[in-house]
Amino acid sequence: MGNERSAGGTGGDGADREPVTPGEYTPREQMVSAAAREIDDGDVAFVGMRLPLIAFQVAVSTHAPTAMSVFESGVVRDDPADGFLHTMCDLSNLNRAVSLTEMTDVMGRLARGDVDVGFLGGAEIDRYGNLNTTRVRDGDRTIRLPGSGGACDIACMADRTVILMAHEPRRFAERVEYVTSPGHGEGGDWREREGLPGGGPDALVTTKATFGFDDGELFLRSCHPGVDPSSVVGDFPWDLRTSEGARGEPVATTDVPTREELDLVRTFDPDGFWTE
Amino acid sequence: MQQDKTTGMAEAVSRIDPGSAVAAGLALEHAIPFAAGHELLRQGIDDLTLVGPISDVLFDQLIGAGLVSRVRAAWTGNVSAGSGYNFRRAAESGDIEVENHSNFSIALALQAASMGVPYLPTRSLLGSDIATEPQFQVADDPFEGEPIVRVPAVAPDWAVVHVQRAAPTGDAHFWGNTGITYEAVRAADHVLVTCEEVVDVSTIKRDPSRTRITREQVDAVVEAPFGAHPSPVAGHYDRDNEFFLEYADETREADGFDAWADAWVHGVDDRESYRERYEREVGRDLSVTEPTVAAEVRYGQ
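These protein sequences, in sequence, are chains A and B. So the first sequence is numbered by my numbering: it starts at 1 and just counts up by one. So the second sequence is numbered by my numbering: it starts at 277 and just counts up by one.
Some hints here could point you the wrong way.
[Unchecked claim] Between beta-carbon pairs, the in silico distance windows are: (1) A/D214 x B/A415: 25 to 35 Å; (2) B/R553 x A/D215: 54 to 64 Å; (3) B/R528 x A/D235: 20 to 30 Å; (4) A/E24 x B/G392: 55 to 65 Å.
[Said to hold, decoys possible] Stretch by stretch, here's where chain B covers chain A in the computed footprint (C-beta under 8 Å, at least three residues): (5) 70-80; (6) 96-105; (7) 152-159.
These aren't lab readings, by the way, just hints derived from the structure by calculation. Please read all numbers here as calculations on a predicted model, not as lab measurements. Where a beta carbon is used, it is the ideal one built from N, C-alpha and C, also for glycine.
Construct all of the structure, not just a fragment, from the sequences and the given hints.
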């Protein structure tokens with residue numbers, strides 16, 4: 001299958017690295033680009049569903065050719081699948097994988113500390129990066145969500161995690177209703193005290209901005225082009241710190257996707273199923 | 277002469293008693309035993325406890341039919357669309373009890389049962405609200421003194437698994453990602469194997485490294501081609517993603533699920549008539565586009 005656009009996208013000449021104009025891409029494409037850049041060459045990345053599926057394929061096609069992906073289903077891959085992926089178990093993800101194994105094998109790698117970066121999503125995130133995918137409150141009603149899957153395991157045991165979420169104020173809570181996937185708990189050295197082996201959340205990427213963690217607390221790192229920092233801060237129910245307060249540096253503007261990245265995103269998600 | 281365990285789906289599923297704990301959907305989105313699940317619906321075998329990592333919509337269907345009292349799982353929903361609405365309704369109304377797990381904790385629970393030990397420890401779940409649920413204990417590891425979570429063994433009455441091929445004896449080949457299939461098979465008191473193809477035992481014995489399910493574990497073997505649709509089976513058919521999206525739309529309300537089940541479960545006699553109906557009314561092409569064949573594997577003496 002594939003797509004001829006990939007040939008143009010991986011040519012490696014300087015033009016591919018030229019930034020594209022904001023407006024030429026969707027917020028989710030921006031998220032995929034930012035997520036892909038969180039994967040370093042040689043990393044073992046624990047790739048969940050949806051946008052991280054695409055982000056790994058972009059990373060391994062650009063700056064991280066020796067990165068590996070592991071999936072909780074047991075799939076281990078070192079290259080992009082030749083075909084669109086709805087889920088990690090689509091046949092195109094199984095075909096010509098490096099290894100098709102068992103969950104305890106993959107989770108064992110995570111438990112031993114062999115996974116460099118894991119990706120997470122969530123319905124709710126709080127001040128310290130704790131994530132909830134179990135149940136949320138909507139007024140008097142409690143809405144039941146699907147649950148953890150492998151997210152809690154990734155959150156507990158990956159060396160570092162990157163969280164991807166749509167930027168919607170209802171998803172930001174001072175304290176999540178239920179901690180499905182622990183972040184930095186109450187901040188500071190909480191993870192160490194709890195005995196958690198992994199390093200916890202390192203970045204949050206939304207459709208409007210990217211965030212870091214300072215002493216376990218979320219802070220605004222960069223805004224996507226055209227987004228005003230004060231509008232981002234206003235979306236949070238607590239007094240969100242910015243890089244100005246946390247690091248003494250002004251809030252940056254998120255790097256826009258390169259032409260090459262954008263072409264790859266559109267190769268791996270040709271109908272925009274995940275990235276529209 | 278070895279025992280022939282092949283039987284029909286209706287007969288095999290009728291051996292599952294109401295009130296049983298049933299593990300299914302063990303290879304995550306891959307090879308989910310929908311044909312066996314639909315026969316549970318047809319026979320109305322109820323008061324079930326479902327055990328699994330994620331089930332995609334199989335658990336949602338069993339819950340929607342009112343057959344489930346309890347779910348012990350990491351994730352219950354619809355992978356393509358997000359929520360499973362029957363699960364959501366039943367959990368919110370208290371019609372089902374939900375024991376929350378992570379994928380690794382349910383894997384360890386089955387692994388513990390398969391090893392005959394009461395629990396296994398992990399450093400996953402620490403600091404989460406999952407760890408505070410009543411089935412788990414957070415304790416200090418007696419050797420190093422660091423906190424660990426004790427995950428108690430879970431031994432289902434039945435594991436229901438779908439594989440590519442099995443011999444009448446119950447010896448089976450399964451390839452593609454396997455999730456927690458083998459832990460569940462070893463943990464369960466009884467195992468129902470459904471397969472795309474029943475083959476002679478000599479076919480199985482020609483590639484014994486691929487045989488992780490063996491006869492003494494297996495109670496019944498049912499030939500059920502297309503038995504995992506709409507989930508994929510490596511080498512046979514791809515995932516029918518549109519099905520999952522349509523199912524989400526159709527089952528947003530309880531009446532919608534009843535209509536869906538009337539058409540696709542109660543409205544067909546068995547998997548063969550399900551397949552005929554699917555090909556007549558939907559007929560999406562799920563065929564393998566690149567028939568990759570592994571390099572020859574040599575054994576010998």
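Going through the hints against the structure:
| no. | hint | in the structure |
| --- | --- | --- |
| 1 | A/D214 x B/A415: 25 to 35 Å | 33 Å, holds |
| 2 | B/R553 x A/D215: 54 to 64 Å | 60 Å, holds |
| 3 | B/R528 x A/D235: 20 to 30 Å | 29 Å, holds |
| 4 | A/E24 x B/G392: 55 to 65 Å | 60 Å, holds |
| 5 | 70-80 | holds (count 5) |
| 6 | 96-105 | holds (count 6) |
| 7 | 152-159 | holds (count 5) |
Taken one by one, the earlier hints all hold for this structure without exception.
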